[in-house]
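Protein chains in written order, with the working numbering: chain C, 5 to 442; chain G, 245 to 539; chain S, 34 to 306.
Since the hints were made in silico from the structure, they are not lab data. Some clues are possibly wrong.
[Unchecked claim] Computed list of lysine-lysine pairs in DSSO-like fashion (alpha-carbon distance at most 27 Å, straight line): (1) C:K46 / S:K251; (2) G:K460 / S:K90; (3) G:K342 / S:K294; (4) G:K250 / S:K129; (5) G:K255 / S:K251; (6) G:K344 / S:K90; (7) G:K370 / S:K90; (8) S:K251 / C:K64; (9) C:K64 / S:K129; (10) S:K129 / G:K529; (11) G:K460 / S:K251; (12) S:K251 / G:K351; (13) S:K90 / C:K361; (14) G:K460 / C:K433; (15) C:K93 / G:K351; (16) S:K129 / G:K370; (17) S:K129 / C:K93; (18) G:K426 / S:K251; (19) S:K131 / G:K460; (20) C:K344 / C:K46; (21) G:K255 / S:K90; (22) C:K93 / C:K344; (23) G:K250 / S:K90; (24) S:K131 / G:K529; (25) S:K131 / C:K93.
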Amino acid sequence: MKLRKAVTLIGMLLIFTLLLAACNEEDGGESGSNETSSGDAKSVKFMHLWPEGSSAQHYKIVNEIIADFEAENDDITIDLEVLSNEQYKDKITVLSTSNELPDVGMTWAAGYMEPFVNGNMFASVDDVVESDLSDSFVEGTLDGFAIDDTTYGLPLELNISTVFYNKSIFEEHGLEEPETMEELNEIVKTLNDNGVNPIALGNRDAWTGSMWYMYLADRLGGDEDVLSEAINREKSFEDPVLIQAAEEVQSLIDADAFVQGFNGLADEEAKSMFMSEQAAMYLIATWDLPNFTTNEDVPQEFRDSVGYFQFPTVDGSGDVNNYVGGPGVGLFVAENSDVKEEAKAFASYFLQQWGEKAVTEVGVIPATKVDAESLDLPEMYVDVLNDLNAATNITLYADVQMSPSAAQVHLDMIQALFGGEVTPEDFAKTHEDTLSQE
Amino acid sequence: MNIVNKVMSNKWIITLYTLPALLLIIVLIVVPLILSGYFGLMNWDGIGAMEFIGLDNYIVALQDTKFWQSAMHSFLLALFSALSLIAYLAVALILASKIKGANLFRKIYLIPMLLSSVAIAQLWIKVYNPSNGMLNSILMTLGVNNPPAWLADPNIVLYAIFVPIIWQYAGFYILIYYAALKNIPDSLIEAAKIDGATPLQIALKIKIPLIMNVFKVTIVLAIVGSLKYFDLIYVMTGGGPNGASEVMASYMYKLAFSSYDFGYGSAIGFLLLIITLIVTVIVRKVTATKEEIEY
Amino acid sequence: MSRIGYSLLYICLGLVAVFQIFPILWLFMFSLKTNQEIFAGSPFALPLEPKWENYLKVFDGGIATYFWNSIWITVVATVLTILIASMATFAITRMKWKLSGLVLGLIMVGLMIPIHSALIPLYNMFLNVNLIDNPLSIVLTYITYNLPITVMILLGFYTTIPREIEEAAIIDGSSIHRLFFRIILPISAPIMSTTVIINMIYNWNEFVFVNTFISSEKYKTLTVGIQNFIGQYMTDWGAIGATLVISVLPIIIAFLFFSNKIMEGITASAVKG
Numbered sequence: 005m006k007l008r009k010a011v012t013l014i015g016m017l018l019i020f021t022l023l024l025a026a027c028n029e030e031d032g033g034e035s036g037s038n039e040t041s042s043g044d045a046k047s048v049k050f051m052h053l054w055p056e057g058s059s060a061q062h063y064k065i066v067n068e069i070i071a072d073f074e075a076e077n078d079d080i081t082i083d084l085e086v087l088s089n090e091q092y093k094d095k096i097t098v099l100s101t102s103n104e105l106p107d108v109g110m111t112w113a114a115g116y117m118e119p120f121v122n123g124n125m126f127a128s129v130d131d132v133v134e135s136d137l138s139d140s141f142v143e144g145t146l147d148g149f150a151i152d153d154t155t156y157g158l159p160l161e162l163n164i165s166t167v168f169y170n171k172s173i174f175e176e177h178g179l180e181e182p183e184t185m186e187e188l189n190e191i192v193k194t195l196n197d198n199g200v201n202p203i204a205l206g207n208r209d210a211w212t213g214s215m216w217y218m219y220l221a222d223r224l225g226g227d228e229d230v231l232s233e234a235i236n237r238e239k240s241f242e243d244p245v246l247i248q249a250a251e252e253v254q255s256l257i258d259a260d261a262f263v264q265g266f267n268g269l270a271d272e273e274a275k276s277m278f279m280s281e282q283a284a285m286y287l288i289a290t291w292d293l294p295n296f297t298t299n300e301d302v303p304q305e306f307r308d309s310v311g312y313f314q315f316p317t318v319d320g321s322g323d324v325n326n327y328v329g330g331p332g333v334g335l336f337v338a339e340n341s342d343v344k345e346e347a348k349a350f351a352s353y354f355l356q357q358w359g360e361k362a363v364t365e366v367g368v369i370p371a372t373k374v375d376a377e378s379l380d381l382p383e384m385y386v387d388v389l390n391d392l393n394a395a396t397n398i399t400l401y402a403d404v405q406m407s408p409s410a411a412q413v414h415l416d417m418i419q420a421l422f423g424g425e426v427t428p429e430d431f432a433k434t435h436e437d438t439l440s441q442e
Numbered sequence: 245m246n247i248v249n250k251v252m253s254n255k256w257i258i259t260l261y262t263l264p265a266l267l268l269i270i271v272l273i274v275v276p277l278i279l280s281g282y283f284g285l286m287n288w289d290g291i292g293a294m295e296f297i298g299l300d301n302y303i304v305a306l307q308d309t310k311f312w313q314s315a316m317h318s319f320l321l322a323l324f325s326a327l328s329l330i331a332y333l334a335v336a337l338i339l340a341s342k343i344k345g346a347n348l349f350r351k352i353y354l355i356p357m358l359l360s361s362v363a364i365a366q367l368w369i370k371v372y373n374p375s376n377g378m379l380n381s382i383l384m385t386l387g388v389n390n391p392p393a394w395l396a397d398p399n400i401v402l403y404a405i406f407v408p409i410i411w412q413y414a415g416f417y418i419l420i421y422y423a424a425l426k427n428i429p430d431s432l433i434e435a436a437k438i439d440g441a442t443p444l445q446i447a448l449k450i451k452i453p454l455i456m457n458v459f460k461v462t463i464v465l466a467i468v469g470s471l472k473y474f475d476l477i478y479v480m481t482g483g484g485p486n487g488a489s490e491v492m493a494s495y496m497y498k499l500a501f502s503s504y505d506f507g508y509g510s511a512i513g514f515l516l517l518i519i520t521l522i523v524t525v526i527v528r529k530v531t532a533t534k535e536e537i538e539y
Numbered sequence: 034m035s036r037i038g039y040s041l042l043y044i045c046l047g048l049v050a051v052f053q054i055f056p057i058l059w060l061f062m063f064s065l066k067t068n069q070e071i072f073a074g075s076p077f078a079l080p081l082e083p084k085w086e087n088y089l090k091v092f093d094g095g096i097a098t099y100f101w102n103s104i105w106i107t108v109v110a111t112v113l114t115i116l117i118a119s120m121a122t123f124a125i126t127r128m129k130w131k132l133s134g135l136v137l138g139l140i141m142v143g144l145m146i147p148i149h150s151a152l153i154p155l156y157n158m159f160l161n162v163n164l165i166d167n168p169l170s171i172v173l174t175y176i177t178y179n180l181p182i183t184v185m186i187l188l189g190f191y192t193t194i195p196r197e198i199e200e201a202a203i204i205d206g207s208s209i210h211r212l213f214f215r216i217i218l219p220i221s222a223p224i225m226s227t228t229v230i231i232n233m234i235y236n237w238n239e240f241v242f243v244n245t246f247i248s249s250e251k252y253k254t255l256t257v258g259i260q261n262f263i264g265q266y267m268t269d270w271g272a273i274g275a276t277l278v279i280s281v282l283p284i285i286i287a288f289l290f291f292s293n294k295i296m297e298g299i300t301a302s303a304v305k306g
């Protein structure tokens, strides 16, 4: 009969717990987990998306910065939570529905953060920028994090995308860096004739294909950033330039420029094809620089054979100093934080410490200015930093510019366009319909 | 007999035995369900203020071709899952018969079930990789020149992704059938053998009828599980390319968590539940039999 | 059946067995490879230089805490689910009351809810009762969300229990608790073992709820440890493989144990019956 007693007990306990829970509901609502611990020390909750397993260097530097900050401010402790990318996004969504965002967290620019700003979730960080960080950001990086002239995020990285290529494959087939689309087409043809995959593309993630489309649109548009104008409704998406760019994509597809089955491959898989010398070229942003320079896990031989070139001109049109890219993640401070001042102090401190450590130890191109000359950096970094300084215009990734729901349509259409399921005209029309409805 | 009836209808005991389950389900499933139906009446991005818009989301959903396309895919999955139960039953019948090594085979067959979706997804991504995947490597050695890009071809991707989903649950159903078959008293089967019944006759005339209740339950489980299926599709294709492998649950997830269209996503989630409910009721009606089989 | 028939049967069974055992072997090889080998090399190839350090990496990642949390949460949730589900199934199938159909219907509705619909309401409810970042929220959710499927599986079995058994027991003067715990539960041991296995697997591999409701490292489970190796720009697949191998071992052991219980249960009830 012991068992029976145990069962009754467990059942009672369960019911009791639930009742207790139900009672708590009435008086406990306000004093949620956001309440800071008692005593003098204030705790600032900080969430980031660089887990130790996959981003050991990022993780380490963040911890160093936190330790230094806590040492300098012994009345503040940082309460850290780390999640991987997808999980981070999901959790932020759930937290925001209950107005429970961490005091400091990470956000993406423009379209991603717009709902949070409209919902009054993010605090303005204009004061932080003005007092502590004036003149420390690279020109234009704050724009993506500003809505109606108020800044809501402090960018940590700045990436531009370029075409990385395998020098030894190019040499083997007597190829040179292309400057025009015609030359690129020739290279594709030569490589295909010799049984080499020309370009690695993982379009299951669709933002990868979007970068190709964006570059074509940028080059065809010449001095004008037609795509961005279409997104912010100064122009129609059915502009001839945007349709022609879609046609160019399809002629690349017809020429078998991309690896087989790219629409079913994740970017990770495409990258690995490039890194195992199974494909000659790969368009990606500079966040992958460590893999091509300093990452010890990648064979030295491969790293030595990677070069990059700027996206070529199309039909003699376009400025090669225009880039597709933009700031990556940035720090936000929650509007309803109980410790907003401390949170801002931490965010500001983080930004001040981040830049130099990021580039030397992680290999991130930071959004804050660093003195490249004084640092001992791999050659490719120096080149990229020089290109950045010479950049005429950086077009922010289309899926980041757009609102989350429009971005979803864009990504689906990119897959359809690359898969040959939609005509360039319908591609443009669907975009136009979606954007004009907002 | 009266005393039996009296004991077996003791209200206090019934309450005691069902209350824990009922409380948990009402608080943690039914309430969230009602809330999500309620969110479905809102224009809400999950962050800002909610705006009541009545049934608009539901009306839009009923005219949303993407939703119906994903629902169609979910139905197909349900159909294939239900059909595959026959194969699992056959395997379970073989394993539960007294052949040598059945015990070992049974354990081996159930191994894939133990793996998490993350592991299964990684395995099948490697199986389907167009250039150096396991499947295409084998096809190419067999002389197939242009094997398909399984997850990239919109005409194939849906069926390609059904295979791992159905395979993933094989162990689950075999396990249930096996336990049910093992529960049949030996005496019944021995008696049939003495009467000269063949193994096939025993299976069809005795074993299967006896586990029919269990089989019906698994049909419901397979259909319901398929209609709300999410895991592998999300990891392996994300519903793509361009919605070719989208199912109802992945579409709902995209709307709520990627597009921040929370009201609409909740409405889709609620419709998913209504559809599942209707299908379940139909299935239960169709498979219902008058007489209870007992032994 | 003829000898040829048997041979054919065994060849088929053997082929399927190879197919089913392959994932585990593949996973193990996977865990010893570099990212390059995983993506570019032949999937059938053996790792060139087995990277045992993948396992070291995993242990450095504080896996012990995750491991312990996974174990106790799985065990507690599984035991409670089986108990509560058995009690409810018993009352629904064996006892006589008017509302049993309604209660069963309600439980079945629980089968149908897509978890992403429930996530945000659940988070909000747990937040209001201060159960966020408390393992109790996870245990309660696991119990509740596995109840419907457990009840459904038990249901098919409970309906086949002969009436005579309970009639005999009650006429002998047995109380209903005694009937349930001493007679019904032991008879249902094989199907119970089945639901134990299924519950264990589900609880062990779950991560959406843990990820959403738990934020402290000290309460996170193994599945979150796996996510730890998935990065924003780079994923360490070898280490993920190693975590997967480590995390599947306990479940294999438990599975083999309970899988034998299915047999034992039958012999036990056969003796009694």
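Now the hints, each set against the structure:
no., hint, verdict
1, C:K46 / S:K251, "21 Å, holds"
2, G:K460 / S:K90, "47 Å, violated"
3, G:K342 / S:K294, "18 Å, holds"
4, G:K250 / S:K129, "9 Å, holds"
5, G:K255 / S:K251, "43 Å, violated"
6, G:K344 / S:K90, "43 Å, violated"
7, G:K370 / S:K90, "23 Å, holds"
8, S:K251 / C:K64, "19 Å, holds"
9, C:K64 / S:K129, "63 Å, violated"
10, S:K129 / G:K529, "22 Å, holds"
11, G:K460 / S:K251, "43 Å, violated"
12, S:K251 / G:K351, "34 Å, violated"
13, S:K90 / C:K361, "24 Å, holds"
14, G:K460 / C:K433, "49 Å, violated"
15, C:K93 / G:K351, "39 Å, violated"
16, S:K129 / G:K370, "54 Å, violated"
17, S:K129 / C:K93, "49 Å, violated"
18, G:K426 / S:K251, "42 Å, violated"
19, S:K131 / G:K460, "23 Å, holds"
20, C:K344 / C:K46, "11 Å, holds"
21, G:K255 / S:K90, "57 Å, violated"
22, C:K93 / C:K344, "22 Å, holds"
23, G:K250 / S:K90, "63 Å, violated"
24, S:K131 / G:K529, "20 Å, holds"
25, S:K131 / C:K93, "47 Å, violated"
In terms of the numbered hints stated before, the structure departs from hints 2, 5, 6, 9, 11, 12, 14, 15, 16, 17, 18, 21, 23 and 25, listed from lowest to highest.
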